[in-house]
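Chains as they are written, first to last, in our numbering: chain A, 1 to 322; chain B, 1 to 322.
Derived from the structure by calculation, the hints contain no laboratory data. Any given hint might turn out to be false.
The list makes no distinction among identical chains, and a pair is therefore deemed to hold if it is satisfied within one copy or across any two copies.
Taking lysine-lysine and the DSS-like style, the derived pairs with C-alpha atoms no more than 30 Å apart in a straight line are [stated by the list, open to error]:
| id | residue 1 | residue 2 |
| --- | --- | --- |
| 1 | K175 | K237 |
| 2 | K222 | K46 |
| 3 | K211 | K237 |
| 4 | K291 | K195 |
| 5 | K129 | K77 |
| 6 | K152 | K129 |
| 7 | K292 | K93 |
| 8 | K222 | K175 |
| 9 | K29 | K210 |
| 10 | K291 | K210 |
2 protein chains.
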Amino acid sequence: MSEIFIGIDLGGTNIKIGCFDSDIKLISKTSVPTRADMGPEVAVDKMAETVEKLLADADLSLNDVTAAGIGTPGPAKYSEGIIIRSTNMPEFKNVPIRQMLSNKLGKPVVFDNDANVACWGEYAVGAGKGVDNMVFFTLGTGIGGGIINDGKLLHGCGDNAAELGHIIIHPSGRKCNCGQRGCVEAYASANSTAKRASEAVKAGAKSSLKKVLEEYGQITSKDVYEHLKAGDKLAKKITDETAEALAVLCINVLHTTEPKRIVFAGGMIAAGDVLLNRIKHYFNEHIWTLKKETVEICFATLGEDAGIIGAAALAAKRRSRA
Amino acid sequence: MSEIFIGIDLGGTNIKIGCFDSDIKLISKTSVPTRADMGPEVAVDKMAETVEKLLADADLSLNDVTAAGIGTPGPAKYSEGIIIRSTNMPEFKNVPIRQMLSNKLGKPVVFDNDANVACWGEYAVGAGKGVDNMVFFTLGTGIGGGIINDGKLLHGCGDNAAELGHIIIHPSGRKCNCGQRGCVEAYASANSTAKRASEAVKAGAKSSLKKVLEEYGQITSKDVYEHLKAGDKLAKKITDETAEALAVLCINVLHTTEPKRIVFAGGMIAAGDVLLNRIKHYFNEHIWTLKKETVEICFATLGEDAGIIGAAALAAKRRSRA
Numbered sequence: 001m002s003e004i005f006i007g008i009d010l011g012g013t014n015i016k017i018g019c020f021d022s023d024i025k026l027i028s029k030t031s032v033p034t035r036a037d038m039g040p041e042v043a044v045d046k047m048a049e050t051v052e053k054l055l056a057d058a059d060l061s062l063n064d065v066t067a068a069g070i071g072t073p074g075p076a077k078y079s080e081g082i083i084i085r086s087t088n089m090p091e092f093k094n095v096p097i098r099q100m101l102s103n104k105l106g107k108p109v110v111f112d113n114d115a116n117v118a119c120w121g122e123y124a125v126g127a128g129k130g131v132d133n134m135v136f137f138t139l140g141t142g143i144g145g146g147i148i149n150d151g152k153l154l155h156g157c158g159d160n161a162a163e164l165g166h167i168i169i170h171p172s173g174r175k176c177n178c179g180q181r182g183c184v185e186a187y188a189s190a191n192s193t194a195k196r197a198s199e200a201v202k203a204g205a206k207s208s209l210k211k212v213l214e215e216y217g218q219i220t221s222k223d224v225y226e227h228l229k230a231g232d233k234l235a236k237k238i239t240d241e242t243a244e245a246l247a248v249l250c251i252n253v254l255h256t257t258e259p260k261r262i263v264f265a266g267g268m269i270a271a272g273d274v275l276l277n278r279i280k281h282y283f284n285e286h287i288w289t290l291k292k293e294t295v296e297i298c299f300a301t302l303g304e305d306a307g308i309i310g311a312a313a314l315a316a317k318r319r320s321r322a
Numbered sequence: 001m002s003e004i005f006i007g008i009d010l011g012g013t014n015i016k017i018g019c020f021d022s023d024i025k026l027i028s029k030t031s032v033p034t035r036a037d038m039g040p041e042v043a044v045d046k047m048a049e050t051v052e053k054l055l056a057d058a059d060l061s062l063n064d065v066t067a068a069g070i071g072t073p074g075p076a077k078y079s080e081g082i083i084i085r086s087t088n089m090p091e092f093k094n095v096p097i098r099q100m101l102s103n104k105l106g107k108p109v110v111f112d113n114d115a116n117v118a119c120w121g122e123y124a125v126g127a128g129k130g131v132d133n134m135v136f137f138t139l140g141t142g143i144g145g146g147i148i149n150d151g152k153l154l155h156g157c158g159d160n161a162a163e164l165g166h167i168i169i170h171p172s173g174r175k176c177n178c179g180q181r182g183c184v185e186a187y188a189s190a191n192s193t194a195k196r197a198s199e200a201v202k203a204g205a206k207s208s209l210k211k212v213l214e215e216y217g218q219i220t221s222k223d224v225y226e227h228l229k230a231g232d233k234l235a236k237k238i239t240d241e242t243a244e245a246l247a248v249l250c251i252n253v254l255h256t257t258e259p260k261r262i263v264f265a266g267g268m269i270a271a272g273d274v275l276l277n278r279i280k281h282y283f284n285e286h287i288w289t290l291k292k293e294t295v296e297i298c299f300a301t302l303g304e305d306a307g308i309i310g311a312a313a314l315a316a317k318r319r320s321r322a
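This is chain A alone, in the form it adopts within the complex (with noise of 0.2 Å):
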């Protein structure tokens, strides 16, 4: 009998699902609409189909199934297995979604933050494997985080531990949308660096990216890169701003969990080595003289599927400790 892990990534648009051996390979994987209109159980439902399906596809069945893994954005209870609200997914108030695809797919589900799933899939697999101590940020509308700690998710006293996009770097500095102050989140995710860029052509700076906003009425962290590439100042300028925010709050992190690997994912490393060579030049220049430090930056190597890989991995993991 076959040891097969599934792996879950919930979102508000689509619900990927894989299928992993018991060394987290990928067997074969698919995408179906969430359609979170239709509620929790409409999805639930939908997710232990696609999971037969997909089983089916393979030659395999649930009873090969070993485990399974979900990961959503929060908040949630995960300890309790809990989606409290979602604001991709309205109709998702109080949802005991562990509970409910345990009972539907008959196996035991593992749950949690869906940045902490790619943080452990990352670990598991990917640029982290091997480093017990590594922290994970994913550059997306937001700034998401995951901390593996002596080789374990650290949670925090509510679950909610890792919310590294909103430590503050300037205490009276841009609003974000968590209602703080200078958070890194509002400099350094892929929607606060084009929104710098707006505003900064908006404001009359020349350069390239103005025909961009003229054209398409915004510009995107994409184009943002594209025109750095091109050898755009602006471009540049709103390039080192993103880079020196990251810098900090790699410093930030590594006076606080002390990792041996800080892994970079999200949208936004699609820029490359421009990116990451200035953060770590950044962080070179912000760095203490007291010691020299070892800490690896780098970019995550699982792409768009580290949701379900994270997920399956986690499935795997709370197994062997079972």
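Fit chain B to the given chain A structure using the hints.
Positioned in the frame of chain A, the structure of chain B alone reads:
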């Protein structure tokens, strides 16, 4: 036969030693000059002699001792039991202090950073008792830190986690002794608080502290709080800046390891409620509105004995694990 634990706090000036029962209740304590200039062997001999004398005075002997703990300032390889070097004890270079003391006493010895040890003391029997997720700050010459995560001290990949005074809150701000700019230590340690007050007076700020500077050539943080209580406006401004920096520090550690309680210790907490209430005020002003935070911010209760208490408690803890 009793189960006795020894706690040692090795500082540049004095060695404090305490003798504790298995509930970490103090039986007796003493303090002897370190005489760091005479080197580590003399210091270890003195520790052992003092321990024996302390035990004899309480009608006990080394036979009653289960284990000892010792705390020192860094940098050190705590897991290997070695002091790498010490600012206040220049003769102490690559000293295998744990093994040396263990050989001399014939007992197992645990060794950790002085801030970690004090943190563990507050967790074991002080202001953090029973709170398995807590963060601890000492406000002295610098700002030291300790983190308890799920009932364990968080050490990081190289025993240098919880260097919390060097979290950067103003990347272009004041220069810190560590070489970074804008560390919270450069604003809110006892020394930095005093220094900011002196700078302001020298720059012409109107304040009753001016007389202190003229008379004694310097202002201490104690002066600042005394003049604050007497109604001095500059002292209030300086205290507000200290409290605001500490509040931002609280928020940053909250978003990283999510403690249930944050405990401040060190000489500066003698300022009392006037400081604690301002920290809480700024915490509420800066914290996000995304969700209500219930972290408790309070002052330590063990005072200057935290080091010997924590060292003994750590020895007892390691013993119970073995």
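These are the hints, each one checked on the structure:
no. : hint        : verdict
1   : K175 - K237 : both (20 Å within a copy, 24 Å between copies)
2   : K222 - K46  : neither (34 Å within a copy, 65 Å between copies)
3   : K211 - K237 : within (18 Å within a copy, 48 Å between copies)
4   : K291 - K195 : between (37 Å within a copy, 25 Å between copies)
5   : K129 - K77  : both (27 Å within a copy, 25 Å between copies)
6   : K152 - K129 : both (13 Å within a copy, 24 Å between copies)
7   : K292 - K93  : between (48 Å within a copy, 18 Å between copies)
8   : K222 - K175 : within (23 Å within a copy, 35 Å between copies)
9   : K29 - K210  : neither (41 Å within a copy, 72 Å between copies)
10  : K291 - K210 : neither (44 Å within a copy, 38 Å between copies)
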